[in-house]
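All chains, please: the whole structure from these sequences, using the hints.
Those protein sequence lines, which keep their order, are chains U and C. First residue of the first sequence: 1, per this note's numbering; consecutive thereafter. First residue of the second sequence: 1001, per this note's numbering; consecutive thereafter.
Be a bit skeptical, because a hint or two may be false.
[What the hints assert, rightly or not] Below, computed lysine-lysine pairings styled on DSS-like, alpha-carbon distance capped at 25 Å:
| # | chain 1 | residue 1 | chain 2 | residue 2 |
| --- | --- | --- | --- | --- |
| 1 | C | K1111 | C | K1318 |
| 2 | C | K1006 | C | K1147 |
| 3 | C | K1006 | C | K1129 |
| 4 | C | K1438 | C | K1396 |
| 5 | U | K13 | C | K1396 |
| 6 | C | K1299 | U | K13 |
| 7 | U | K114 | C | K1111 |
| 8 | C | K1316 | C | K1299 |
| 9 | C | K1442 | C | K1396 |
| 10 | C | K1006 | C | K1133 |
| 11 | C | K1006 | U | K114 |
| 12 | C | K1292 | C | K1318 |
Calculated from the structure, these hints are not laboratory results.
This is what each chain is made of:
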Amino acid sequence: METLVAAAIHDAKNGLNALNTWLGEAHQQAPSPALDAAMEVSTRISAQLVELLAMYRADEGSLRLAIEDHHLMDFCSETVAEVIPPAGTSSRVTLALDPDHSPEVWAFDAYQVKLVLQDALRNALRHARTSVVLDVTGEPGGGVRFCVSDDGSGFPAPVLEGALSTMNSHSSGLGLRFARVIAAHHATPDGRHGRLELSNQNGACFALVLP
Amino acid sequence: MDLSGKSGLLIDDIPEMRTTVRIQLADAGLERCDAARNIKEAIDRLTANRYDLIICDYNLGQGADGQQLLELVRRQQLLPMSTVFLMITGETGYEQVSTAAEYAPDDYLLKPFTSETLRTRLSRILDKKEALKRLYQHMGEKGDRSKALAMCDILIEEKSRYALDILRIKGDLLLAQKNPLAALALYESVLAQRATPWAEVGRARALAADGQTDAAKEHLARALTAYPNYLAAYDSLSKILEKTDKVAAQQLVEQALKVAPSTQRQRQLGSLALENKDFTRAEEAFRRTVEKDRTGFFKSHDDYAGLAKSYVEQGKTKEALATVSDMSQHFRKSPELTARQAAVESVVHIRSGNTAAAAAALERALAVSKQGGLDPTTALEVAQACFAAGKTDEAKNIIKAVAEDHHESEEVIAQARSVFAAAGMQAEGDLFLEATRKQMIKLNNDAVAMAKAGDLDTAISMLEEAANRLTNNCQVAVNAALAILMQVQKHGPTPERFARAQGYILQARRANPEHPRLAEVTGFYRKLAPAGTPIIEG
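Encoded structure:
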């Protein structure tokens, strides 16, 4: 079953990659906001498929992360650079990495964490009034905190209380579920695990804390 | 860093992909780029040219992948440390690449990617290679480990941006230099800052090297619960278990294979299963190693020998003999091949009750073996066939010669131990091998003591006799060269003495370029050698 689900998801992803290439070509010939929007959608679906596969594996007990050291500055720059802002948003992402307060290198699964953060960034861009900030800081007890914050109206109360999506949104809550699973799968040999912390400050604040 | 002056090699089996990536590389600024379609072409290119960048697709067709290629070219020293190796992969390959243990690419990139991402990644690795250039020059085959270690400290002192990469290299160097306690301290200091898999595994390796096996096992087991994809942890733990609990080792390798199916691990599984008498599993594992790789670049005699033995133990004589004769088609003719085929064939015939054919095959194996010069694995295969045929003395003589020649190699001694165990003589074998090892240590110690006491002539004749017989024994060759150099110091230099000393130093280096005492003897030689004496490079 694993192989069938995985193969089907890969197939679908390859199809989307091809679609993206065609959209890119069309964009080169005649750029248009409609093509930009189409590219954003296909990139998002592609990410959702990968998230779906990870969720499936987590359920089966076969999700294994690939933990390795990564330079946080390089990783965050790449993560931000690859985000295509959703149609109709004018906010931009600022990277706020303070070399004095954030660790230089951390060990985590760059592929999955990038998906988590890009999801959060897209979501923040949709809700921000003017700006979105990605920030990384060291945790006092050992750990690293990736924080995506915006200046929008904040998370609705049910989401802060643990709901995966609000009744009136059309979101399946996949993004949040995926983020929780990836956080929890980050572990250390002494038994610490990652977690997700959602809060409202000047707007919504999405924090992924990794051990 | 600017890519325009660099040279690249792109390896991909799909023509459209080669075109696309080549355009992206040109967009990224890399103008000079050769292409290879498969493993063979890649190796030809790498043998003939030197590249700054290698961009390789994970999937290379014909059952071969980029990871195998990387391991092969690193082992064959075709890939200098300064060359960038970037692996391009789809999602499936990503799981294999991101977990690669010993031979990891410098970086990997998931398809699809933009020219900009490709440029950023390549120039980032080039920056790192440039920053570590002063360290890389002391590493590799002709390197000097003490100089490399000193350079690590200098670079860390200079607050290199790559301090962690340097610490990682330093830990490996300390372990290779058999300094587990210094390595342990290094890993502990990294782990005091944060948890990271390479330092976890490093700590366990240091503990194991220091003889703290149980602590090492405990740390690795815990590391695997947190990092279930980290192959280096499986490899380190299986190395420990292979010595203590082969059934547990087999189970662990099965788990590692689920993470990443590599030929190397299939082979390891096959031999463990064979030793555990799990013959159907052994057959399956060896069949995979034989069948998976249709390029033929990664096959080993061991795979066919293992497959034949797994067959015959299940009564499949015909398949076993076919496997043995198959070897002629897949490998170049060599004394090793002839001896291996004959030895395995003999075992197969014995198991199927054909004693006449077994005796004839063993004769052929022994004829090659008596000429000497076989690699230890093949020689031990002949010994195993001797045991099977009841020729215990011949078997022991062969094993003794191998053990004397390789008394410092844990790997060879473990193989020899397995041969005894397979013949049902485990306890006797352990005593025999330990006695042989002690004899070799005593020979070296006696000679050194004699030399120090002033009886240089006796010491030299003892050591030269041993060194001429045991051409793979690094320590004996080092001591022979040292004794001759002491004679030079005492009685004056002659060209003949220097030529002999140099001969043994080169012999020692061929036997084990990593031997901790090589630097000492080479330094001594250089100090004494007058102008005009042949210089030893390195």
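Hint check results:
no.	hint	verdict
1	C/K1111 - C/K1318	violated, 46 Å
2	C/K1006 - C/K1147	violated, 28 Å
3	C/K1006 - C/K1129	holds, 13 Å
4	C/K1438 - C/K1396	holds, 16 Å
5	U/K13 - C/K1396	violated, 60 Å
6	C/K1299 - U/K13	violated, 34 Å
7	U/K114 - C/K1111	holds, 15 Å
8	C/K1316 - C/K1299	holds, 22 Å
9	C/K1442 - C/K1396	holds, 20 Å
10	C/K1006 - C/K1133	holds, 16 Å
11	C/K1006 - U/K114	violated, 30 Å
12	C/K1292 - C/K1318	holds, 22 Å
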